[in-house]
Structure formats: C-alpha cells, structure tokens
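Enquirer: Spelled out, the chains give:
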Amino acid sequence: MTAKLALFGCNPLAIEVAWRLTLLKTPFVMFDRDPERVEHALQEGLVAECIDYTDDGALRAAGIGSDIGGVFCLLTEDSENVFLAISARAIAPELRIVAVCQAPEAAPKLLAAGADKVVDPYEISGARVHELIERPEVVELMEHTVFGLQDLNIAEITIPPGAWLHSVHLSELRRHMTQNVILLGVVDLEHGRDLIFSTRGIDHKLDHGDVLVVIGPQQHVAAFRTMIESPQTPGGAA
Amino acid sequence: MPFAELLVRLAYRLQASERHARLKGFFHTLLIDPRSRRRRLFDGCMIVLVLSSVMLLIYEVRHPLGAWADAFELFVVSVFIAEYLLRMWLFNDSHKILIEHWERAELLGQPFHPAAALWAMLKRKLAYMSTPMAIVDLLAILPSYRPLRFLRLFLLFRLLKLFRYTRNLSPFGQVLIEKRFELYTLSIFVGSVLLIATVAIYLFEAEAPDSRVQTLMDALYWAVITLTTVGYGDIVPVTTEGRVVAMVLVFAGIGVISFATSIVVMAFHEKMRELHDHRVYAEVDRQSNLTIVCGFGRIGQVVAQRLAAAGDPFVIVDKDAGSVEQARRLGYLALAGDATDGDLLTNLGLGRHATRILCLTHDDVSNVYITLTARQASADTLIISRANKAETVHKLTQAGATHVVRPYEVVAHMAAEFIGQPVAFDALYDVVTRAAGIHLDPLSVRSGDWLEKQRIGEIDFSAHQLQLMGVIRPNASPPADGHARYNLSHRHFYFNPGPDLMLRGGDILILIGYQANLSQFRELTSRGRRGGKKEST
Numbered sequence: 001m002t003a004k005l006a007l008f009g010c011n012p013l014a015i016e017v018a019w020r021l022t023l024l025k026t027p028f029v030m031f032d033r034d035p036e037r038v039e040h041a042l043q044e045g046l047v048a049e050c051i052d053y054t055d056d057g058a059l060r061a062a063g064i065g066s067d068i069g070g071v072f073c074l075l076t077e078d079s080e081n082v083f084l085a086i087s088a089r090a091i092a093p094e095l096r097i098v099a100v101c102q103a104p105e106a107a108p109k110l111l112a113a114g115a116d117k118v119v120d121p122y123e124i125s126g127a128r129v130h131e132l133i134e135r136p137e138v139v140e141l142m143e144h145t146v147f148g149l150q151d152l153n154i155a156e157i158t159i160p161p162g163a164w165l166h167s168v169h170l171s172e173l174r175r176h177m178t179q180n181v182i183l184l185g186v187v188d189l190e191h192g193r194d195l196i197f198s199t200r201g202i203d204h205k206l207d208h209g210d211v212l213v214v215i216g217p218q219q220h221v222a223a224f225r226t227m228i229e230s231p232q233t234p235g236g237a238a
Numbered sequence: 001m002p003f004a005e006l007l008v009r010l011a012y013r014l015q016a017s018e019r020h021a022r023l024k025g026f027f028h029t030l031l032i033d034p035r036s037r038r039r040r041l042f043d044g045c046m047i048v049l050v051l052s053s054v055m056l057l058i059y060e061v062r063h064p065l066g067a068w069a070d071a072f073e074l075f076v077v078s079v080f081i082a083e084y085l086l087r088m089w090l091f092n093d094s095h096k097i098l099i100e101h102w103e104r105a106e107l108l109g110q111p112f113h114p115a116a117a118l119w120a121m122l123k124r125k126l127a128y129m130s131t132p133m134a135i136v137d138l139l140a141i142l143p144s145y146r147p148l149r150f151l152r153l154f155l156l157f158r159l160l161k162l163f164r165y166t167r168n169l170s171p172f173g174q175v176l177i178e179k180r181f182e183l184y185t186l187s188i189f190v191g192s193v194l195l196i197a198t199v200a201i202y203l204f205e206a207e208a209p210d211s212r213v214q215t216l217m218d219a220l221y222w223a224v225i226t227l228t229t230v231g232y233g234d235i236v237p238v239t240t241e242g243r244v245v246a247m248v249l250v251f252a253g254i255g256v257i258s259f260a261t262s263i264v265v266m267a268f269h270e271k272m273r274e275l276h277d278h279r280v281y282a283e284v285d286r287q288s289n290l291t292i293v294c295g296f297g298r299i300g301q302v303v304a305q306r307l308a309a310a311g312d313p314f315v316i317v318d319k320d321a322g323s324v325e326q327a328r329r330l331g332y333l334a335l336a337g338d339a340t341d342g343d344l345l346t347n348l349g350l351g352r353h354a355t356r357i358l359c360l361t362h363d364d365v366s367n368v369y370i371t372l373t374a375r376q377a378s379a380d381t382l383i384i385s386r387a388n389k390a391e392t393v394h395k396l397t398q399a400g401a402t403h404v405v406r407p408y409e410v411v412a413h414m415a416a417e418f419i420g421q422p423v424a425f426d427a428l429y430d431v432v433t434r435a436a437g438i439h440l441d442p443l444s445v446r447s448g449d450w451l452e453k454q455r456i457g458e459i460d461f462s463a464h465q466l467q468l469m470g471v472i473r474p475n476a477s478p479p480a481d482g483h484a485r486y487n488l489s490h491r492h493f494y495f496n497p498g499p500d501l502m503l504r505g506g507d508i509l510i511l512i513g514y515q516a517n518l519s520q521f522r523e524l525t526s527r528g529r530r531g532g533k534k535e536s537t
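Taken in sequence, the protein lines are chains A and B.
Each residue of the first sequence is one higher than the last, beginning at 1 in my numbering.
Each residue of the second sequence is one higher than the last, beginning at 1 in my numbering.
If you're looking for bench data, these hints aren't it; they were derived computationally from the structure.
C-beta atoms are modelled at their ideal positions from N, C-alpha and C, and glycine is treated no differently.
The reader is advised that the hints may include incorrect statements.
What the hints assert, rightly or not - Residues of chain B clear of chain A, computed beta-carbon distances all greater than 12 Å:
#: 1; residue: Tyr165
#: 2; residue: Ala208
#: 3; residue: Ser288
#: 4; residue: Arg375
#: 5; residue: Ser378
#: 6; residue: Leu428
#: 7; residue: Gly505
Claimed, not checked - Between beta-carbon pairs, the in silico distance windows are:
#: 8; chain 1: B; residue 1: Gln515; chain 2: A; residue 2: Phe83; range: 36 to 46 Å
#: 9; chain 1: A; residue 1: Asp67; chain 2: B; residue 2: Ala476; range: 45 to 55 Å
#: 10; chain 1: A; residue 1: Phe83; chain 2: B; residue 2: Gly331; range: 32 to 42 Å
#: 11; chain 1: A; residue 1: Asp55; chain 2: B; residue 2: Leu275; range: 55 to 65 Å
#: 12; chain 1: B; residue 1: Asn289; chain 2: A; residue 2: Ile202; range: 34 to 44 Å
#: 13; chain 1: A; residue 1: His169; chain 2: B; residue 2: Gln515; range: 20 to 30 Å
#: 14; chain 1: B; residue 1: Gln326; chain 2: A; residue 2: Gln219; range: 46 to 56 Å
#: 15; chain 1: B; residue 1: Gln305; chain 2: A; residue 2: Phe83; range: 40 to 50 Å
#: 16; chain 1: A; residue 1: Leu111; chain 2: B; residue 2: Gln305; range: 45 to 55 Å
#: 17; chain 1: B; residue 1: Gln305; chain 2: A; residue 2: Ile202; range: 30 to 40 Å
Extracted from the complex, chain B is given alone in its bound form (with noise of 0.2 Å):
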C-alpha cells in the first residue's frame, strides 16, 4: 500500500503544482499551439535539422565523413528523441487518470488498485504512439542506428516528419485519408486485375520458347508495367494467348488510371474551399487589430473599401459564394460562411486578435444573431450592427452590440436636410462621407501635451487652415460656465468655446479641415512643439 500511497501522493502534488503547469504550458506553446510565435519558430528549426540530417546522411552513402557528422547526427537524434518524449508527456496529463481511479475507489469504499491506474495511463501513451504521426517521429529516429543497414530506408520517414511542420502539406495527407473508402475500393479492384494477369500470364508465357517471363516475379513486374500504362517494353508477350492476356490489362489499366486521378482531382476539388480557408485562417492569424466584417452586400463594400484605404486589415464574410468570389477578386481576405457559427468566429480569432465585428448583413436577424454570438465569445470585443427596421435597434443593443447603424435614418436625415437647404446638405455630406477631402476629426489632448493648460484664444488654428468646431470633455472633468455646452453620453460638447477656455488632458479637440493641415497639426502636438501657438499674444 506504502506504494500506491506515494503514487497517489505524487499526483496529487504534480496537479497542484504551478511549476508543472507552467512547464507543461511552455511546451504547449512550443510544440502544439498551432497560434504561438514559438512555435512557428521551433517549426522552422526543426524543418532545418531535419533536412540538413538526411542530406548528409545521403552524403555519407558515398562519402565517409569525420566524427562532427556522428556529432552532429547525434545531436539530431537527441532533439528527435526529447521531441517525441515531450510529445508523449503533453498528449495527456497522467497524473489525472490516477487521481481519477483513487478517487473512484475512494467514493465506491473499494480498494485501489495501483496497477489497474498504471494500466490506463500506459493505455492512453500507447494510443499516442499507434498515432500515425508518432509512428513517423518513432520512425525518423532509426536510421542513425548504424549496425542494420536497411534501416536507412527509414530516412524516408524524417521527410515524412516534415507534414508535421508544415501545415500547408498536411491537408494533401488529409484528402488521401477522407478517400480512404475510395482508394480501399480501387486498390482492391488493382490487386485483383494484377493477380488475375500475373497468373495468367506466368500460365500462358512460362513455357514458351522465346518467353522472358520465367518467374512468377517477372510476371507480376509485367503486369504492373503494363496496368500502370508504362510498358518499359523489356518483358513482352510472345504467344497469342499472352496477347490477349496483354490487351485486356492495358483496358484495364486506363480504367484504373482514370479512376484513380478522378478521386484524387475529386478529393482535391472539395478541399479546394477548405484550403483556401486554411489560407484565409494562417493569414488572418498573422494580423493584429482585425477587424472582421459579415456581410458583403453594398454597404460590407464601402466598409471594405474604406477599410483597405486606410491598410487596416480585415477579413470578409459572407455566406453568399459569389460575394465572397467579388471580394476575392478586389483582393481582400474573405471567406465563404455563416458567420452565425461560433466556431468560425473563434478561429477568425474574435477576442483574441479580431477585436472588431461589424455585423452588416441584410437580414436583421442574422445580424442580432451574429451580435449575440460575438459578444459571448468576447466581453470587450467592438460591436457595430446595421439594423433594417427601428425596432431591432433595441434588440440589438440588447444583444450587446456597441453601436447601430440603421442605413434609411441616416438617408431620412440626409434627405430632410436637403429639401430645406440643399447647400448646407452639400456640407454635410461632404463632411459626413469625406467627399471633398474635409474632415471633421478629432484630437486628443494628452496629460503632459503642450496643448495641455493652453487657452482656445492661444492656439492659432487658421494658421494652420483649421477650424474649431468645439471640445468634447469627459463628464467627470469639471464644466466650463459660460460656454454653449451640449450633452453626450458620458460627455459635454463644448460647441465654439471662447478664447478663455483652459484645455485639460482627455479633452478632445473637434477639427475642421482638410486632411494634409490636419496631420500636420496633429504632428506638431505629438512631437510637443508649440508650432500653432500665435506669436503675437
């Protein structure tokens, strides 16, 4: 029992330690999180070891080399050893099935059987190594055993060890595993068109005089040669009966042909989507600041559009192939799919580096949908949602959505303008779609700022060709009296204040102006230079 008491002991400690868990998830990134920079890295070194070993090793076939190329294999070996034995550890946590069984036995009044524990944990590390993947590490370590010398056809397998590393070859593995029922089907017919020729072959040749088939092996050699459409032409049928043999393989062997690139081209058109997705996804994980966009309708397009002008990046999704195919040829990354679905979402990265969603399609209730689905999986990810008709504004903003744009207000709002005074429709509009190149743009004053503590009436915006509309200020700053002040949420608006009002850190200066004055502007205050400052007060 003092045994199984120290078993158990040490599990327990192993799941409370802190020391494990980290260790364990330093190796996670390093080895398994297909999104760690880590891993990318380690990827690239192992892709360099692996291909440098086998090159010298083929080197060696004909080449003897000194004792740094032992070294060197060596030290190769080592790396692919430790790698396989930390692949083994994180493929479970063991100490979890013991804890499991001693509590079990705990709970029922029974007693422990260490050895049953011990069992199951073996189990689950044997079902590692029946891994296919584990076979082809376990593989790629033999061929440095130097004393069997076939085992250097072994060296195959290191390359082998390269899918592991790339994830762009592994979807080809993947397609040839998704056929499987196809393949067994075809290999089944070709083993027994070859087993029928090879017979009747060896039959009909063996005995002829000028026949060059002798064995039942060169029979077999024949009739592959012959299915696979090669015909070296070394080995021919001499007799009729041969001939005949001969022109039913060749048949055969066009059906065999055709049909097994028609699975494989099959295969590869279905995976042509998800390859491409695979694409979208690798790229996607590369950005940070996404922001990812459902919908490509009219309005997903100006988005877009104004997106990709300003090199944010983004990612397009629209259920719709033909959308998606538009957005392709624009050049943008986009994928064909429900952005309902959550798991889309998580692996387009939402909440981790996609920290903006903009629900835009046509339909209110996949955009409510999309908004509840977004906001669950990130709690501070920006929400914006178009909705169609007034009322699911509310439902929206109920779902989470940070802001609601609703195309027609926006429009009824434009068009009443325009009735009445059309020339100041034209300002605003221009300025509301940057139409003329004006921008109305906000600036913020930082603490430490030299617009900080500076007074309206001492910046010389005109300078600058620059207007001030007015200063936006938090509403825990205290007001300013004497100034038209407007309500925000959560702030004032200061419309045009007067000369005397005292600029604070967090205010934010609203600016008229087009851009060119306005960056200049902006760079002045950044680098601190009291460039707008007038000379004259």
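Isolated chain A, as found in the complex (with noise of 0.2 Å):
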C-alpha cells in the first residue's frame, strides 16, 4: 500500500490507529475540525491538519479523489461519520472507507451510506473480555503472533489474471503447497463475495480474482505469493 490514508479525528482512537500505521510504516495524514485536537495530535508527533470535512471542497483539498487511497472514519459521533462517508463515497467511488460506530444500530447507516466496513470497537473489546475468561489461551496466542510483532502474518493473495491458478482446484493447488502457510480461506466470485473458511471442505475451482487468505511467517507467505501469482504452474512439486 503507498496511497495516503486519511485520518478523521484526532482523538484518542484515531492516536491509536495512527500509531498502529506509523509501526506499519503506512504513510497516513490526520484531520479534525477541532484545532485543539489537531495541535494535540501535532504534539504527539502526528502529521495532523484541521479541516472542515463538512465542506467537499476541504475533502477534495485534502486529497480525497486524488492521492488518498482510504479513509479511516473516526469521529466520536456516529452521525458524523455518517455525514463523512457519504461525502468521501461521492468523491471518490473507488476509496475505501472504514468506519466505528458508537451505537450497534449505526452500523448499517454507515454501510448505507458507503463505508466498506464498520468496526465496532465496543463489540471487539467486549469480545476479547470473554475470550479471555473462556479462552485465555488463543487470546495470548493472537496477541503474540498475528496482532503482534512476531513474524506470523495473515495475508490476502487475489489470483491474478493470466496465473496458472486459473480454472484449477483447489485440491490441486494443495498438492503444490510447501510453504508453510495454512490456507484459510477462499473467496470464490462464483460463490459470491464472502469469505468461505477452508474447514467447510468445499473443493473450489478457482479464478482468476479469487482470494485466498493464508496465514503463515512472512517469508513462506511471499513465497506462497510468488507461487500463486506466477504464469508457470510450479513444476515437479508434490
């Protein structure tokens, strides 16, 4: 990822997230109205702007439909998020939009109005609460590797067009893979647009466009990459 991603709001989340993206090393940029929250942000060493994203001009300004590839929508009020994805949605129809939302019934007014994806953080943190009454175990374990600095990564590979994957199944695809990843999961266009997760057995043919999502360290999920996105399917291996 190269394109800019846009911060809305400068307040303790959207610190969190910046930090997050920082350690990413994502280049990112953090907006808010409220100038006392800008120079907080500017304080903790965050490239940080004030703007008024009610006014499309100031969003067109700022990059949105330009060199801003995604908008991270995290204002405290869920009717400004609101107002904000509608605005960056009829900009830029091609950005992607993630947004929170405080009240659970917000969630679908965010969608409507063209977030790609609503991140209760109050749903997650619940969550992770009785993960680790119930399963203290595979919290650590996450924290550790996937959401830690530990080299264990999940990734997505969509299949190019012209790779050898083309028309091939799944099955088949297994037999080819030494790498040490596991295959989580496909999105398989004939199947619709969710991810379907490995454990249901099903033996997809696959498409270019498809999506497998692995998880595995860095190294063998490159190399895995590599595999999936080359023409030649890989000789001789078994």
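Take each chain as given, in its own frame, and dock them per the hints.
Expert: Shown next, in the form of structure tokens:
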C-alpha cells in the first residue's frame, strides 16, 4: 500500500490507529475540525491538519479523490461519521472507507452511507474480554503472533489474470503447497464475495479474481504469493 | 485462690483446645453463618418444627390429643431450649473475658478477682439475653408450660421465631426499627388524641339517658374504633357535644391513618433498593464460579450478553441507576453501587464463589482502584481490566490485573489490517468476534488421552472439518526442532507443525472450525475413542 490514508478525528482512538500505521510504515495524515485536538495530535508527533470535513471542497483539497487511498472515519459521533462517509464516497467511488460506530444501530447506516467496513470497538473489546475468560490461550496467541510483532501474518492473495491457478481446483493447489502456510479460506467469486473458510471442506474451482487468505511466517507467505501469481504451474513439486 | 486458679486454667485450656474451636465452628456454621448450606437446612427444619408445633397447640385447644402430642411438644421444647443455650454460648467467648481479666491483673501486679471476671462474663450473656430475638426465643419456649393457661398467648412468639429462619422477613422488621422516631411521634399523638377523646366522650355521654357509654373502657373502645376509621356503630354518641367530639375525632383519624400509611410506604420505598440488593446477594450466594462485571457500558453489555449466552453466572455492578435498570430489564442480576467499595465486593463473594472480576468502567481511575481492591481481597481471582489510555496498562498490571484490554488498541489493529487486506481482515474479524460461527478453539491434551503420543500426521482433522493452526507447548517441555516456533509468555507456539510432531500431555491444540465440529471432536477425544485417527496410516 503506497497510497496515503486519511484519518478523520484526532481523538485517542485515532491516535492509537495512527501509531499502529506508523508501526506498519503506512503513510497517513490526520484531520479534525477542532484546532485543539489537531494541536494535541501534532504534539504527539503526528501529521495532522485542521479542516472542515463537512465541506466537499476541503475534502478534495485534502486529497480525497486524488492521492488518498483510504479513509478512516474515527469521529466520536455516529452522525458525523455517516456524513463523512457519504461525502467521501460521493467524491471518490473507489475509495476504501472504514468507520467506527458507537451504537450498534449506526452500523447499517454507515454501510448504507458508503463505508466498506464498520468496526464496533465495544463489540470487539467485549468479545476480547469474554475470550480472555473462556480461551485465554487463544487471545494470548493472537496477541503475540498475528496482532503482535512476531513473524506470523495473515495475508490475502488475489489470483491475478493469467496465473496458472485459473480453472484449477483447490485440491490441486494443495498438492503444490510446500510452504509453511495455512490456507484459512477462499473468496470464490462463483459463490459470492464472502470468505468461505477452508474447514467447510469445499473443493473450489479457482479463477482469477478469487482471493486466498493464508496465515504464515512472512517469508513463506511471500513464497506462496510468488507461486500463486506465477503464470507457470510449479514444476515437479508435490 | 485455688478456685480462681482452677478457673483460669480451665479458660486457658479452652483457649488452646482445638476440639472446642472445631465444635464452636460447627455450631456457628449450623446456626449463624448466613452463607452455609447447613444453616439453610437447619432453618428449614426449624420452620417445619415451629409451624407443626403451633398447629398442634391450636388444634389441642378444642380436641384433646394423646400422649404422643405431649411427647412431640417435649421434643420441640427441648430443641428450642438447646438452640437457645447454643446461641447464648456462640454469642461470645467467655473464657477470653476471664483470661483478659487475669492477664490484666498479672500485668498490673494486682490481685485477680474471679467474681469480677464472672460478673463481666454474665453481663455479656445478659446482653445477649436482652436482644429482641433472644427474648422471642425464650418466650417461644413458654407456651408448653401447661399450668398457666395465659402462657398460651406466647404461642405467637413461636411464630415470631420464624423471623429468625426466613431472611426475607427480616427487612420488614428493620423498616419498623428504622422508622421508630416517626412511629414514636405518631404514637404520642395518637395516645394524646385518644386520651382527650376518651375523657371528653365519657364526660359528655356517661350521664346521658340513652347513652351506651357506661364506663371509661366503653369510652376508650369507642374512641379507638372511631379514630381508626373502623366505626362499628355499636356505640354511638347521642348528645350534641358527644357528636362534636366524634366529628373532630373522625378528622383526626383520617390524619393519623394517612400519616401512618405515609411513614410505612416511605420506609418501604427507601428500603426497596436494599430489599432488591438483598435478593441479589441471596441469588449470588447460590452461584459458584461467579463473574462480577463492574460497569454496564457498551463493553459491559457485550460481555454480559456473551456470558449469558454461554450460561455463565454473573452479576453487574454499576454506579448509574439507569444502567442497572436496563440490565435488570434484560433479566440480568444487577446491583447499583460503587464497585470501588470493598464491602460490596466482599458481599458479592469475591474470593469465595466469585472467581472473576471484570473492571470495565469508562474511568481508568476507577478501574485501577477496583483492580487493587479485588487483588487485595483475593490473590487468585482472575481480574480483567479495561485501560482507556495506554499509560494505564502498566498501572493496572501493577495493581494486580491478570489481563488488560485496551479497546482502542484492538480497533487500531483491526482497522489498520483492513486497509491493506480487507478479506483477511474479515477473516480475522469473524474469528475474533465469532461472528460467522467460525471459532478458534483450544483443545488440551491430557495425560492418558488417546491424543497423547499421537503424531500430528496420524490425526485426521479434515475428516472433522477442522484445521490445526498449531500447538501450544509449555516451556518446561523439551522443545521440538524443525517446526516454526513462536514465543508466548511461559509457552511456545508451534505454527502448523509437520506430521511427525508427537503430542504430549499438557499440549494445547489450536483448532479452527465450526462450533458443531469442534464440540464433536472434543467429545470424541474426551471419550477416549480413536475416532479422529486416520484409517489408512
């Protein structure tokens, strides 16, 4: 991802997201209407600007529709986020938009307004707390590996046009998988846009445009990606 | 002096006696400890005994019963007497008073007066005997003394004894005690009105020809019946003056009745919350492995919903009465109160049947305080705390939190993931929130299980539509080479281990799959069947 991201809202949540993005070395810029909050973000050493996001002109000037590739709607009010999502979607139909919601009722509204994904912080945190009671091992595992800084990543690989995997069955692909990765699931466009977990045991016929989701160490994921994206069938591997 | 010496030696022997302490402990759990199961059983037996003896005594008034009824009454009374004496014994430790007196005398070099010590012991026991419940207990024994017929009236005290055994009734008594000042004022007012009315009606009516007020007793009876607005009409004033007294008395009566009603209603209204709390405490007492959820904000709601779905017992504590009301409407056990209050947490059984506490309030300061209070109350409680600011995490850990959850951090992780790879994010979101029914579940390998000593390649996970993500192994176990290994605290995680990794007791398999498949596999392994084994290997 080289396109810049825009974070709207300079509240504690946005600052947390900003730190995460800094860690991932993703370029981003923060926006807020309130100069005080912008000042606070600047003091934290983050790139922040004061703009009025209710003004489409200001949004365009900020780079939406040009060099901004994704938008985070992290404002404190659900209504503000809905407004921002609608405005941003109207300017740039291809934009990737993530929004947080305060009340669960706001989630469908945000989706209708054009957000690609709505994250409910409380739902996730509540789930996390319950998981800590029921399955502390799993939470610890996720925290140390997938969410943490150890080399275990979750990645998605889209099958490009012209790849050898076109019209190949999943079982065939499995025969060629020598890398230490787990295939978590597949988005098979013939079955819709939802991820179908591998545990369902369906032997999908893969086509270009389908997406594979894998977990594994960085190096193995990269090797797997190379194999998927290559036009030739991996020779002799079994 | 030998008598005094004997006494002191006896006291010290009691002090040192383990049997004495054990015996006292046993009767304490039987008669007094509000949380013991034994006491509940004892209370139930006593209620049956009281009711049956009262019914028998009432029946006996008109129908003479045989010797077995006398025997039963004798039995009941012996139980009552034994109970009375036991309670008196449990009330305090008399030997400690004696020892205290002796030691003080020794310390100051003064002569020891056994009489003074005995008097102090007696005073304590008398103090017990003068408590209302002890008086009731004593009076409940009396009705069986036949020669004095009026003692039968004390039968009622046997019923009053029921207060002792049913905890739900005691708050009603407390209401009356708490409002004693108001009730006292009211009774003085009622007393003076009655006195005036009685004397007035007697003065006006006693001499009148057709009057039915003949004596002062008649006058008092009429005044009481009129003041309470009952008005039987058997005695009515006939003189004009008497009727004026009646009219005034009727208005006074309305005032008295409304005043009395308002006192009682208000007292109960104030007591309602406490009554409800009592019910929550009683309910909580019956649970084991209870979770205390402090704060019923959005996170608290999600957790409560999940706990309820999993069938785990929990109780909610929140300062805000509105949140508590909302929780109650959802059918959850909830209590309005400040969770930073140590007594409240103790009452909820923290460290006993409450084994987990979740500090989920909006306020980091409160969360730290609750965490600290909970950790002090019990060393092995699971404490999960919410930190809204990054710098609080450290403080919470220091205060004793087992786990700290930062809502913003989790969201930041997820949101950052989404921008780069939306599909992977969805997978992660589904797994983390269990939204799509897909679970990431641990399965422990116990020593002696059929899973133990199996190689990964020998277990057919796909036949159960499961995927093995990896194996968690304690650090103490010798490491396995040739597998991708990650460090957790005190444990290692082997990601996607090869088919030749042999499982050991204490390992935890991390499986991905749907709930039904996971439960099926879990059941198979727990039954010790080799259901998951590959046929062909």
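Enquirer: Now tell me if each hint is right for this structure.
Expert: A quick look at each hint next to the structure:
1. Tyr165: 37 Å, holds
2. Ala208: 78 Å, holds
3. Ser288: Check passes; 15 Å lies beyond 12 Å.
4. Arg375: 16 Å, holds
5. Ser378: 16 Å, holds
6. Leu428: Per Cβ check, leucine 428 of chain B is inside 12 Å of chain A; nearest 6 Å; violated.
7. Gly505: 16 Å, holds
8. B:Gln515 x A:Phe83: 36 to 46 Å: 39 Å, holds
9. A:Asp67 x B:Ala476: 45 to 55 Å: 54 Å, holds
10. A:Phe83 x B:Gly331: 32 to 42 Å: Between phenylalanine 83 of chain A and glycine 331 of chain B, where Cβ atoms are some 37 Å apart, the hint holds.
11. A:Asp55 x B:Leu275: 55 to 65 Å: Since the Cβ atoms of aspartate 55 of chain A and leucine 275 of chain B sit about 57 Å apart, the hinted range of 55 to 65 Å holds.
12. B:Asn289 x A:Ile202: 34 to 44 Å: 40 Å, holds
13. A:His169 x B:Gln515: 20 to 30 Å: Hint holds: Cβ distance 28 Å, inside 20 to 30 Å.
14. B:Gln326 x A:Gln219: 46 to 56 Å: 51 Å, holds
15. B:Gln305 x A:Phe83: 40 to 50 Å: At 30 Å between Cβs, range violated.
16. A:Leu111 x B:Gln305: 45 to 55 Å: 22 Å, violated
17. B:Gln305 x A:Ile202: 30 to 40 Å: Once the Cβ atoms are compared, 32 Å apart, the range 30 to 40 Å for isoleucine 202 of chain A and glutamine 305 of chain B holds.
Checked against the numbered hints above, the structure breaks hints 6, 15, 16 and satisfies the rest.
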